[in-house]
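Colleague: Positions in the sequence shown are counted from 1; adding 120 to them yields the working numbering.
No false leads were mixed into what you were given.
Just the calculated beta-carbon pair ranges, DEER-fashion:
hint, residue 1, residue 2, range
1, E272, E415, 25 to 35 Å
2, L317, I158, 15 to 25 Å
3, G206, V144, 47 to 57 Å
4, V157, G182, 47 to 57 Å
5, N411, P343, 29 to 39 Å
6, G248, T187, 17 to 27 Å
Keep in mind the hints are simulated off the structure, nothing from the lab.
Just so you know, even glycine gets a beta-carbon here, dropped at the ideal spot from N, CA and C.
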Amino acid sequence: MDRVAGGGEKLEQSGIEEPVDPKVRRAFGLLERFAPVIGSRWAVELWCTPPTVDSALKMPPGVPPGTRVEATWDGHLVVGEAWGEGPPVYLVHGWGGFRAHMGVFVKPLVEAGHRVIAFDLPSHNESGPGELAPGRTTLLECTHAVHAMVREHGPARAIVAHSLGAKASALAVAQGLPVERLVFLAPMGNFPHYLDLFAERHGFGPRIRDGLHRRLSRRIGMPLLETDIPVLASRTGHLPLLLVHDPDDPDAPYEASEQIIETWPESTLFTTRGLGRLAHYRVLRHRPAINAAIEFIGSPSAAPG
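Model the full structure from these sequences, guided by the hints.
Modeller: This is the structure:
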């Protein structure tokens, strides 16, 4: 496995979720039988709570501290860093991550002539919370953060996004975000898959799961399944998209990218191999994947107009 040095092991470790407390699983089992409404209320709060970020992870060697940049949406603060000059390329991390997770893209993109902006999603690292309690957020709020950064710092030459960041970016583009091309690394799959995994992990069944689904749709103000990338492709598929995914990825199914390819006319799938059970995070340090993304984005002189 060819991985870029600098924080690789910490990155992988930061993506490993702690096992659910057996007491929590037992409680959900009882609530499934006797009080599924209460169980679904609890489940939606857990769903909207990203895992704790390992803030000890630093930018890769050769990436100096960037200039602090900020943006706001409805008074909520989004914080990031910027490097270089030229058309902006935005780096969007995944659930439970932060901007340093995307740091390996900074140096080659700056060398190619771009201004690179990496930022933290709501309730992650330095960015503030949204409408929910601190430490909680939603896909829609992450989408607002993407909108806010691009609105404040200029139309995107490209967006490079990982996991949930890819879903948030796709939703932002469907809502009219100005961007020329997209790179999605191990994009988050369709929501039914994650609802099933969440229910299995926390020990509840279909009654709480269905309530969780309904409550999440209400919380984001739209049907949950309408945020899945293949559904959004009807409004975004005219944009060039590079997908990077590994078949070993246990956190975002490779089949999700295969489905996106079928529904997104201007898409290409770059398949990595052999990244193992930590493929979801190792792809962020995988040299061939990084090279493919940089080549796909191209130089500013390749931008239209």
